[in-house]
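S.K.: Work out the full structure: start from the sequences and follow the hints.
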Amino acid sequence: MNKLLFIIGLLFPIWIEASDKKVLDSLRMELSVSTNQIEEGILLHQLGYELLSSDIHEAEQCILRSIQLLKASGNQEELSKALHTYGMLQLNKGQYATATKQLLKVMEIVQHLPDSVRRLAQLNNTLGTMHERIKDYTTAYQYLDKARTYALQLHGPPQDSLLCKIYLNMGSAYDGMKLRKEAIHHTQKALSIAQRLPYAEIEAKAANNLGNQYLITGDLERALAQHQAALTLKKKLGDHSSLPLTYISLGENYRQRKDYQKALSYFNEGLLCAQKYKAPYPLLHAHFYLFRLYQEMGDANKALEHHILYKKYTDQIQGNENTQKINLLIEQHELKKQQLFMQLEQEERNNGILILSVLFILSSLTIGFLFILQKAKTREIALEKERAILEHSQLQLNHEKLEQELHFKKKELTANVMHLLQKNELINKISSDLLSTQKNMRKEDQKAIRQIAMELQSSLNDEMWQEFEAHFQSVHGDFYERLQAQFPNLTPNERKICAFLRLNMSSKDIAAITHRSPKSIDMARFRLRKKLGLNNEDQDLNSFIASL
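According to my numbering, the sequence shown is numbered sequentially starting from 634.
Hint data in this document are derived by calculation from the structure and do not stem from the laboratory.
Just so you know, not all the hints are guaranteed correct.
Claimed, not checked - Only pairs whose alpha carbons sit at most 27 Å apart, straight line, appear in this in silico DSSO-like list of lysine-lysine:
id	residue 1	residue 2
1	Lys768	Lys811
2	Lys1018	Lys944
3	Lys654	Lys911
4	Lys738	Lys779
5	Lys895	Lys909
6	Lys1141	Lys1152
7	Lys1152	Lys1164
8	Lys944	Lys768
9	Lys945	Lys895
10	Lys654	Lys909
11	Lys814	Lys768
12	Lys869	Lys909
13	Lys935	Lys726
14	Lys1164	Lys1141
15	Lys1018	Lys1008
16	Lys909	Lys726
17	Lys768	Lys1152
18	Lys704	Lys726
19	Lys944	Lys895
20	Lys654	Lys868
21	Lys1018	Lys945
22	Lys911	Lys945
23	Lys911	Lys935
24	Lys909	Lys655
25	Lys909	Lys945
26	Lys822	Lys779
27	Lys945	Lys1008
28	Lys1164	Lys1129
It should be emphasised that the depicted structure is a prediction, and the values quoted were computed from it without experimental measurement.
M.R.: This is how it looks when you write it as structure tokens:
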């Protein structure tokens, strides 16, 4: 869940939606009074196109009726337009095989029409968009390159209008192939043309896609500028369908900057927008990025809450995709069933009719049973995977917390050792100063001064060691237990030396803390090596202590 998921969710194909209630009412009024077959076919096509963004079922009915009327009228130009729209409708339903069949049929028709160059550019652009959706980026680029070749034969606004869409789709195709430099170059060309025309819808999409490409390459400043421009345009256009994903892109930008509050604000704005317009894909992405953000912020409960919702929408979308596949299987099954019934009618006087019926029923039951088993197995695997992810996430959060605590305690122990060294040096200096001044005092005073110096040194040793040992135990709690278990004959002083060596302290530092000379510490280290069984001079004492 990673960059791939981010780029699939955020790069939108070209699909300009225009759904104005006044336009719809006007078209319906014209249809109610139309008496001409061609005119009625054209009006139905226009109505179906306008309904694509709001009621795809009614749109399909209008377009199919339009195709029927225009076929009967023999008007090839208007028929090709209706077939083109029907192919786009099938494309948005995910029926790619049907969409390809319709669009190739249109391509055969438009080759013989006066405006063939423009129409061929449009058709190749649509076919490129379709192959981009199914992640066949090489074929997508081939169609888009043909579309560009046709578009360059045009002149003026028709050429620019087509080229900005084609370049935008080429940028998406390059992005799918992970050719980031080419993707940015073509998207910039689309944006430049859209700004010159002006073509606000394409400008908004190009700015959003360019922002996504900059975000992937780590150019956060440019990404921020493009996403903010896209957000402004989309609000102005009322493009609510893709607005949530722009908010999410802005949130991701601030997440990468470690500005978690701004990231949270934009992610929540995207989530509210997606909830308002009931957009499943944006909802899925909003919950995914909120899950990752809260995970980084260390809020395990919030992270878990959004991860569960992310999985819910993932299952829902996968369920919708499975429904489409099932519907396709049902269509194929119905077709086979019709063919079978035709065979049965031809052989109804034959005794084989009974055998064929039984075979058909058994095959249907077998398919149904296998489908139910597969669905149950898929669901079980998904649940197991979800549980594993959640457990891993929780363990990771706990591990990170423990690592932070241990790091803090180690820093605290180091600081404590430095403090003890400084404290020890100060008391040593005070003791030395007292002893140096006693020479000028009376004998009874000299004795008192020596006594004070000795008491200072004695109390320091006990207090220092107790303070040091308390901090040491909090970081290396079981060190003494392991040392005692393996080497029970060590003296208390030798165990102290081991503790200092565990912190990788030098003989000089140990001598300063323990009020002993560095030579005596070196001798103590030598005796300790023997007790620990380190007879090989190549084996380092500090490394051995650290490995316990």
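S.K.: When the hints from earlier in the document are held up against this structure, which numbers fail?
M.R.: Numbers 13, 17, in rising order.
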